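A.B. asks: Here's the letter readout for the chains.
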Amino acid sequence: MLLIEGLEFAYDVAPAAPMRFELEVADGEVLSLIGPSGSGKSTLLNLVAGFLPARSGRILIDEVAIEGLAVAERPVSIVFQQHNLFPHLDLYTNVALGVEPSLRLDSVQVEAVRDALARLGLEQLQRRKPGELSGGQRQRVALARALVRKRKILLLDEAFAALGPAMRAELIELVKELVREQGMVGLLVSHQPRDALIASARSAFICDGQVAASAATAELLEQTDLPKLRDYLGSM
Amino acid sequence: MYSFLRGTGKGLALLLMSFNLQAAPPNLVVYTYDSFTSEWGPGPQVKVAFEAKCACTLELVGLSDGVAMLNRLRLEGANSRADILLGLDTNLTAEARASGLFEPHRLKLQASALPGPWRDDTFLPYDFGYFAFVYNREKLTSPPASLRQLVDDANGASILIQDPRTSTPGLGLLLWMKAVFGDEADQAWARLSPRVVTVSKGWSEAYGLFLKGEADMVLSYTTSPAYHIIAEQDSRYAAAPFSEGHYQQIEVAGMLRSSRQKQLAGEFLEFMLSEDFQKIIPTTNWMYPAVAGDTLLPAEFAELIDPSPALLLEETQVARERKAWVDEWLEVMSQ
Amino acid sequence: MSRRFPAFLVLALLAFMVLAPMAGLLNLGSLPGYEMTDLRFWESAYLRRVFFFSVWQALLSALLSVLPAILVARAFALQPDLPLRRALLRLFALPLVVPAVVAVMAVVSVYGSDGWLPLGRSLYGLNGILIAHVFFNLPLAVRLLLPQWQAIPRHHWLLAEQLGMNSWQRWRFLEWPMLREALPGVVLLVFMLCLTSFAVVLTLGGGPRSTTLEVAIYQSLRFDFDPARAVVLALLQLGLCLLVAVVTLKLQRLPEVEIADSATPTPITALHKALDIALILAATVYVGMPLLSVLIDALDGPVLSVLSSATLWRSIANTLLIGLSAALLSVSAGWFLLRYSAGLAYAGHTRGARLVDLAGSIVYVVPPLVIGTGMFVLLSPHVDVFDWVFPIVISINALMGLPFVIRCLGPAMRQNHARYHRLCLSIALLGWHRFRYLEWPLLRRPLGLAIALVTVLAMGDLGVIALFGSPASATLALLIYQQLGAYLIPQAAVTAMLLLLLCLAVYALLERLIGGNSDATY
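Residue numbers (this note's numbering), protein chains in the order written: chain A, 1 to 236; chain B, 1 to 335; chain C, 1 to 522.
In isolation and in its complexed conformation, chain A is listed as follows (with noise of 0.2 Å):
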């Protein structure tokens, strides 16, 4: 279980609004977030992960605090939009990467991540680069990644914003599917309310540097009480 106790930050750059959030997902949970640009969606993800380093507050894995940890050490794996890949690096030895930077992988790691390849259904174009394959195959292979590492928390900062449709309900369905498997927390970052509809069962509404809502997607999604998420929202 992930929880988020009284996390407070604020950028260095004047005007700087503080931001501060509260939250918690369970194992196995997918948790969206949605909300306008520059509300502090991605800044969260960036602190979970410690790119940010927080003024006050806890973040909670099973328990144990993790926000006194460097990057590295904490249990977090993370997507991105874009450049995720070493472009010059065939698809095999990036994934590997996310089990050993080293890259001496024993026998049963090598295994690990054939089986994550093939799992993501890319076993066929394992000494392929990046650069050779579609955006669609290139976000899959970052998932690979991210599953061989076996962490906790999996994050995705609107990884799938550069997809098609069915190919990001595909992919959310994927990750969904992992999470659940491997018993991780998910906090997903996206733009398309439809991805919230799929992925989560909850979602939060992130909004000025703080939870404005968090409810069940389809109410939270309904919601009228909040002018701002109404705005946000727009006609759906």
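It is worth saying that the hints were derived from the structure and are not from the lab. Owing to the predicted nature of the structure, the values given are computational and were not obtained by experimental measurement. One should not assume that every hint holds.
To be verified - Have a look at the derived ranges for each label pair, beta carbon to beta carbon:
hint, chain 1, residue 1, chain 2, residue 2, range
1, A, Asp106, C, Gly352, 40 to 48 Å
2, C, Ala282, A, Leu105, 35 to 43 Å
3, B, Val48, C, Trp440, 27 to 35 Å
4, C, Ala347, A, Pro165, 45 to 53 Å
5, B, Glu331, C, Leu117, 33 to 41 Å
6, C, Ser308, B, Val48, 19 to 27 Å
7, B, Ser146, C, Leu60, 40 to 48 Å
Heads up, the beta-carbon is just placed ideally off N, CA and C, and yes, glycines get one too.
Starting from the known structure of chain A, fit chains B and C onto it as the hints suggest.
C.D. replies: Coordinates of chains B and C only, in the frame set by chain A:
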């Protein structure tokens, strides 16, 4: 950016135009070497003195050195603007004469200060000097007394010399060794080589390195200490007198056959041999004036060593053998 | 196509500027009265030795300059918050400016018998040559390699941090692939600079053992007056460089360009930070010592009397004129070439792109003496060459500056093109507007670096101006040389310091004015 371009364009045009200004009085063009025309050289004073007498303008064009001058002339041929070439030395006169570009002067050299007779009817000397090894009296207490001693003494002074392919003193030393050792020059060079700290491109580099203390002696001129004595009041530097004698460098000037101002050019050559010109030489060019005269040399020149006997190889021999001698030197020194 | 035409024009001009003078000189060889030496000189043991020594010293110099430069550039890249970082990088532009003769004196001041780190007689030989060459080229290489780190996408740094990569792994997966684009070009440039180095080799080399092709060419043209031989040797040198260029550029990998925001990477541990700082310090000391010695020698000298000389101020004006004009010309030519090359690279014609870059770079290797004399031969029957001193000197200096422009501007232009070309086409953003709104803001920094570098390079040039210059048109570099030749060594030291200070000021000004004062750390 635009205004900058415009400005540069204007500046460039102005600069170009300034070169194109035609003076109304006749213009005598003299090709000479850089240090002659620089503000510390004889050039400025020569210009003032000559223009006062001739009702003309004197245009001194500075080209890097004697070799460059001759080459430039060869390239320009009969189209050259030059009326006079001033600054060749006797190592180049044979080739210069062979080019057919020079006109015989019709002047006699009266009262020559040169150690030997002057028989050249194409070129006239204006100054001369002797090569010598210069050292710091406080650092080197017993300098070699002869070229032979310099060469043979294995624990002797370390020296800085110049490359004969790129430098006049460098060539001068080569010829000096030939004059003293003859056919055994290459062996002499082999014996001298371990004491050569470095062979530099030109006189300035070698002299500069010497002043920084990189070697005990540097190949320069007997008149070099005069500069330090007169301009810096520094008497530490001296030239080492060699018993075999010192090799001479005689600098000459000649009139061009293609000159359009032959009358004026002749006047300049006469002026060159006169006291007004010659008295400028010692403290600007740091050489001996070619014309004898008691009042010409500053008192400090008396402190300089006596370089006699003056050595000088015959110019046609030099022109003929130079390449072979340089190649021989290269062979020996490249070991 | 509007890209192709100006590029081809520039290429044609380059070819003309290089080949026509050589043809002019070769033509001389057949005139009566001139010697045409037997051209089977490759049978000469002497020339074989010259050839191999030229290559050997240039190769060693290039390796000893570039390999440490990679480490130092990396140190700079990974320490964006280092105090005085900008000042240090500006300092690194200075060695390029120093005229060779001043540099020789400076190196001797530091490493000579009476110097701070005396090496004694062993300074004169390959050691001295390498020391001087590294002094010239290490800082240049650092300056040229540093921007490569900016090409690494931000997310890659984040990934590396999350995957727990150590310093070596970050190098292997992030930095090295990006470096491979710029490195071969930089090696080639340094190789060419060291191959054609003249006064350094001749004076610090210790003797004729250390003769290079450039010296042989000089000798042929000036002392032997054998223009044909000089041209053949020049062509030989050109051929040699082409060979080296082909080899190094084959190793160049133009990276797959992706749209990327750059980021400043965080250092891994305090130990790494300390190592980086130590590296930067070492490089600064190495480069700074000779420069400091110039300053010290100068302060000992007659500063006031030099400053009050009218010739000095005229020289300063000439120096600025030549420097800025040459830079403008060089950068314009380079711009058109690189635009074309970037287009080719984007369309997948990598070989064509490399050829264009090569053409722009290789011209450096033809000795200015050959080009200058050849130009003289071509022009003198028609015009009074002395009226044309400035245009000739400016154009030859522009030619010599071209490889620097290509190194500075090339990678940035390629990336810029890949990112935005389609966008520009789609909104019809062309020509002047494209320059004003797209290329100027995004390419300002490398453009500023290129202009600043070529300006100070031309300001410090001695070789070209010495061919044609007269005291009326003297530059500071020529003035120094004249002073040195007239026993005025203290004055020369002061003038040398003034040249350095002027170049530093101009460099800083140009980099600031053109490059902009952004917070970008590269």
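A.B. asks: Look at each hint and say if it fits the structure.
C.D. replies: Structure-based check of all given hints:
Range check, aspartate 106 of chain A to glycine 352 of chain C: Cβ separation about 46 Å, and the 40 to 48 Å hint holds. A hinted range of 35 to 43 Å holds for the C-beta pair alanine 282 of chain C and leucine 105 of chain A, which are about 38 Å apart. One distance hint, 27 to 35 Å for the beta-carbon pair valine 48 of chain B and tryptophan 440 of chain C, is violated here, with the actual separation near 53 Å. The hinted window of 45 to 53 Å between alanine 347 of chain C and proline 165 of chain A is violated, with their beta carbons roughly 33 Å apart.
A hinted range of 33 to 41 Å for the beta carbons of glutamate 331 of chain B and leucine 117 of chain C is consistent with their spacing of about 35 Å. Between serine 308 of chain C and valine 48 of chain B the beta carbons are some 20 Å apart, a value that agrees with the proposed interval 19 to 27 Å. In this structure the supplied range 40 to 48 Å holds for serine 146 of chain B paired with leucine 60 of chain C, their Cβ-Cβ distance being about 41 Å.
Hint violations for this structure: numbers 3, 4, all remaining hints satisfied.
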